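Q: Protein chains in written order, with the working numbering: chain A, 1 to 154; chain B, 1 to 154; chain C, 1 to 83; chain D, 1 to 83.
Keep in mind that the hints were calculated from the coordinates and are not lab data. Note that the coordinates shown come from a computational prediction; the quantities given were computed from them, not determined experimentally. Hints may contain errors.
Stated by the list, open to error - Okay, derived cross-link-like pairs now, EDC-like style, lysine to aspartate or glutamate, Cα gap no bigger than 20 Å in a straight line: (1) C/Lys10 x A/Glu66; (2) C/Lys37 x C/Glu73; (3) D/Lys12 x D/Glu60; (4) A/Lys58 x C/Glu60; (5) D/Lys37 x D/Glu51; (6) D/Lys2 x D/Glu60; (7) A/Lys58 x C/Glu44; (8) A/Lys118 x C/Asp66; (9) C/Lys12 x A/Asp140; (10) B/Lys118 x B/Asp141; (11) A/Lys118 x A/Asp140; (12) D/Lys12 x B/Asp135; (13) D/Lys10 x B/Asp135; (14) B/Lys58 x D/Asp72; (15) C/Lys2 x A/Glu50; (16) B/Lys118 x D/Glu51.
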Amino acid sequence: MIRVQREDFDLGAELRALSDGDHGIGGVASFVGLVRDMAAGENIGAMTLEHYPGMTEKMLGRIEAEALERWPLNASLIIHRYGRLEPGDQIVLVATASPHREAALESCHFLIDWLKTKAPFWKLEDTPDGGQWVDARDSDDEAAARWRKQADGS
Amino acid sequence: MIRVQREDFDLGAELRALSDGDHGIGGVASFVGLVRDMAAGENIGAMTLEHYPGMTEKMLGRIEAEALERWPLNASLIIHRYGRLEPGDQIVLVATASPHREAALESCHFLIDWLKTKAPFWKLEDTPDGGQWVDARDSDDEAAARWRKQADGS
Amino acid sequence: MKLLYFAWLKTKTGVSEETVSPPAEVETVADLLTWLKQRGPAFEDALADVEALRVAVNQEYAEMTDPVTAGDEVALFPPVTGG
Amino acid sequence: MKLLYFAWLKTKTGVSEETVSPPAEVETVADLLTWLKQRGPAFEDALADVEALRVAVNQEYAEMTDPVTAGDEVALFPPVTGG
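Kindly produce the complete structure, drawing on both the sequences and the hints.
A: Listed below in structure tokens is the structure:
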């Protein structure tokens, strides 16, 4: 399931709902991204997440479909927020449920890595010098590329 | 933090507490193990988790210390239950919080893989033929060995 | 053709959304960018470094050589930084 | 010496905890297992396959060649299956 929303989410309730009633699930893996008050050495107060409505949902849906194809998952969930966020706020939740531990852990890792390079979101950080658009990191491309290599079997 | 307990735990509250007030945390990764009603093709009703009090805490503490040494973590948590558990019940929670996504995800994966081969717990499954001690799986040893190789740099 | 600008593409051009009618010789993403750059210094500056740009045509990532046509929705933005 | 048995080691031997005084020639984990096997068919059966056994001395995983002494807590159990 995909959700793109301005509102916060209840992590415990979301994770519970993911496995609720399905006793074939052996493990639930999750990752929650939070707003840090220190990015690349600069103190930031808050940030605003801009996104591309329509394409965002399309890309997240495709990323999720890819995970469901690669791993035996009983359920998956991606929630990504947009709008203004304060330090400590939840930005994103990725969660996967599977009969098997490895499938849950790997697919969760895959989802957040791919989302970081494919989902059209942009962070505008409040800094002492004003709003700064965050630069994409090469390390994110490398993290996503790792999964591409695995898919090629190389 | 390490907890070995008979009681259930509140997943949402535990994860919230892990990052609460620390705005240097950029990501929280977690894995929750659940009782499946189908293990190795056999329907099971419930299970009883036996453990070795004292050694369990010692091993979990050592596994956690190892993770804290290998990755830049702001917080970590391992909760493992023992006693009688029903299908759908939570067995174990592993969670890690870090400034960096990869560190949180990898250390969480590491903790559950190592715990599976080092922490002295044994599962007794209720089956139609009576109580059956679960056999250890080679795949668990392989999963743990992967992290050993990485540590050796080989 | 509908154009969308995000993040610093929006800030630099001062445009978030517009409808344009490029001439017939604009057949690819690359042609479109070349045409857009001629619209003034703000566009020339914003689109100067093609490597720093990502383009989506009808909400799909597109290459410089991909075609664009009159009914398309074309979005220009920097590499994504969500998650 | 305090002995602890877990999982099917406990089921097969019928013992969960006991205090024993092995003879002086029992110096290693292997010696201890050999001595325990002589205590009757239940022990002989439970300890038959050394590969299927794990041993902890004072709550640390131990090898067959590791020493055991009178004051030790020695635990016998199968490979762990928690998590």
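Q: Each hint needs a verdict: does it hold in this structure or not?
A: Hint by hint, here is what the structure shows:
1. C/Lys10 x A/Glu66: Given that 20 Å is the threshold and the Cα spacing comes to 31 Å, the pair is violated.
2. C/Lys37 x C/Glu73: OK: C/Lys37 and C/Glu73 at ~18 Å, within 20 Å.
3. D/Lys12 x D/Glu60: 23 Å, violated
4. A/Lys58 x C/Glu60: With Cα atoms ~9 Å apart, A/Lys58 and C/Glu60 stay inside 20 Å; holds.
5. D/Lys37 x D/Glu51: 15 Å, holds
6. D/Lys2 x D/Glu60: OK: D/Lys2 and D/Glu60 at ~14 Å, within 20 Å.
7. A/Lys58 x C/Glu44: 30 Å, violated
8. A/Lys118 x C/Asp66: 18 Å, holds
9. C/Lys12 x A/Asp140: 25 Å, violated
10. B/Lys118 x B/Asp141: Between B/Lys118 and B/Asp141 the Cα gap is close to 10 Å, so the pair holds against 20 Å.
11. A/Lys118 x A/Asp140: 10 Å, holds
12. D/Lys12 x B/Asp135: Given that 20 Å is the threshold and the Cα spacing comes to 15 Å, the pair holds.
13. D/Lys10 x B/Asp135: 15 Å, holds
14. B/Lys58 x D/Asp72: 17 Å, holds
15. C/Lys2 x A/Glu50: 19 Å, holds
16. B/Lys118 x D/Glu51: 16 Å, holds
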